[in-house]
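Line by line, the protein sequences are chains A and B.
Numbering of the first sequence is given in our numbering, commencing with residue 1 and proceeding in unit increments.
Numbering of the second sequence is given in our numbering, commencing with residue 1 and proceeding in unit increments.
Honestly, the hints are just simulated from the structure, not real lab data.
Every residue gets a Cβ at the ideal spot worked out from N, C-alpha and C, and that includes glycine.
Among the hints, a few may not be true.
[Stated by the list, open to error] Residues of chain A clear of chain B, computed beta-carbon distances all greater than 10 angstroms:
#1 Ile3
#2 Val53
#3 Arg62
#4 His112
#5 Glu122
#6 Arg131
#7 Asp132
#8 Ala148
#9 Asp154
[What the hints assert, rightly or not] Covered stretches of chain B (chain A as the covering partner; in silico rule of three or more C-beta atoms under 8 angstroms from a C-beta of chain A):
#10 31-38
#11 72-81
Read off the chains here:
There are 2 protein chains.
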Amino acid sequence: MAIWTGFSFGRAGAWSVLSARVVAGPSVAGVGGRLSIADGRTEPDATLSIRGVVSNVRYANRAELTELRAAQEGLGRPAATIASLIPISKSDAWWALAQDERRAIFEEQSRHHSIGVRYLPEIARKLYHCRDLGENFDFLTWFEFAPAHETRFDDLLAELRASREWTYVTREIDIRLTRVAG
Amino acid sequence: MAIWTGFSFGRAGAWSVLSARVVAGPSVAGVGGRLSIADGRTEPDATLSIRGVVSNVRYANRAELTELRAAQEGLGRPAATIASLIPISKSDAWWALAQDERRAIFEEQSRHHSIGVRYLPEIARKLYHCRDLGENFDFLTWFEFAPAHETRFDDLLAELRASREWTYVTREIDIRLTRVAG
Chain A
1 MAIWTGFSFG RAGAWSVLSA RVVAGPSVAG VGGRLSIADG RTEPDATLSI RGVVSNVRYA
61 NRAELTELRA AQEGLGRPAA TIASLIPISK SDAWWALAQD ERRAIFEEQS RHHSIGVRYL
121 PEIARKLYHC RDLGENFDFL TWFEFAPAHE TRFDDLLAEL RASREWTYVT REIDIRLTRV
181 AG
Chain B
1 MAIWTGFSFG RAGAWSVLSA RVVAGPSVAG VGGRLSIADG RTEPDATLSI RGVVSNVRYA
61 NRAELTELRA AQEGLGRPAA TIASLIPISK SDAWWALAQD ERRAIFEEQS RHHSIGVRYL
121 PEIARKLYHC RDLGENFDFL TWFEFAPAHE TRFDDLLAEL RASREWTYVT REIDIRLTRV
181 AG
């Protein structure tokens, strides 16, 4: 059993939206103001809320998990005052692939894990799954980093977006935020 | 985006409960009477309702999917008047495994796919995922078969329950039903 997390844009929350850019697919209404993140709850007066759930690993093998866990740092580092929330959807063609086909595109062809590891520990990351919850996006990825590392973060995104895996991405919104009091 | 399916026990529904047996873990209250199955809805007066969602394939490779699709028949066959609904949970240890470790246990060690294929087309099957929805079970599997094939169905379950994969099953309820009018 897993408890979902609600991401709610509106007047409250510890993060303030700096920008939102549509990278692929249709725009999304209601991104702006503050972002509140709460387990099992969305804000009733939110201009937009999206639910996601931390689930089991879908592609990483044991060696990759070990490498990730040795290199990564957690969320909430005092210096990591910039965040990015990236909602993504993939095509029906992606979801119809067999497990070995998705794994081969994810890593052997696109190097998703290998690329991400090179940006550790500067870029901290947490992945939420939305598709099985019936949301309009398939994933939410939350990133945190220091302002000085935003250029590196942009490089990470550029590498991933140039990969074969990204040819299956049908919708992507790149939201940047800064941590505020309260 | 996927829409969940609600399984509701109560006074209405096309299936009538014949028996319920706890195979592993704690019992569950409220199984009995009729079973109603509806997309995106549970019955408000249900004695028990469980939600599940049909999701993407998690372990099967392309060759296995091809083999399955060539051999299987759909739900709703007129002769398939017996059903079984089997809610299952797996341990935290299972969910903490890497993808390659779960795949190896599922197929290379436990032959989950290979066993299931030998019981096609007699035993039709549909898998629903519950864990990411926050339900008390991780999976629901729905089986349909003719009364004459119930012994074969019991053989299938015995094979799976003897596998290494089943050492990770912490809760399992075996519910048998028969199709009724309305």
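Would Ile3(A) pass as off the interface with chain B, using Cβ distances and a cut of 10 angstroms?
-> Violated, since 6 angstroms does not exceed 10 angstroms.
Determine whether the non-interface label on Asp154(A) survives the test: each CB of chain B must be over 10 angstroms from its CB.
-> Label holds. Min Cβ-Cβ 29 angstroms, cutoff 10 angstroms.
Least C-beta distance from Arg62(A) to chain B larger than 10 angstroms = violated, 4 angstroms
Mind taking a look at whether chain A covers the segment 31-38 of chain B? Criterion is 3 or more residues with CB to CB distance under 8 angstroms.
-> Violated - the segment 31-38 of chain B has 0 residues with a Cβ nearer than 8 angstroms to chain A, which falls short of three.
Is the nearest Cβ of chain B still more than 10 angstroms from the Cβ of His112(A)?
-> holds, 13 angstroms
Chain A over the segment 72-81 of chain B, status - at least 3 residues with CB closer than 8 angstroms | violated (count 0)
Report holds if the minimum CB distance from Arg131(A) to chain B is greater than 10 angstroms, and violated otherwise.
-> At roughly 6 angstroms from the nearest Cβ of chain B, Arg131(A) sits no farther out than 10 angstroms, so the non-interface label is violated.
Closest CB of chain B to the CB of Ala148(A) still more than 10 angstroms away = holds, 33 angstroms
Taking the minimum C-beta separation from Glu122(A) to chain B, is that value above 10 angstroms?
-> At roughly 24 angstroms from the nearest Cβ of chain B, Glu122(A) sits farther out than 10 angstroms, so the non-interface label holds.
Is the Cβ of Val53(A) more than 10 angstroms away from each Cβ in chain B?
-> Non-interface label fails for Val53(A): nearest chain B Cβ at 5 angstroms, not farther than 10 angstroms.
Assertion that Asp132(A) lies farther than 10 angstroms from chain B (Cβ) = violated, 5 angstroms
The earlier numbered hints that this structure contradicts are 1, 2, 3, 6, 7, 10 and 11.
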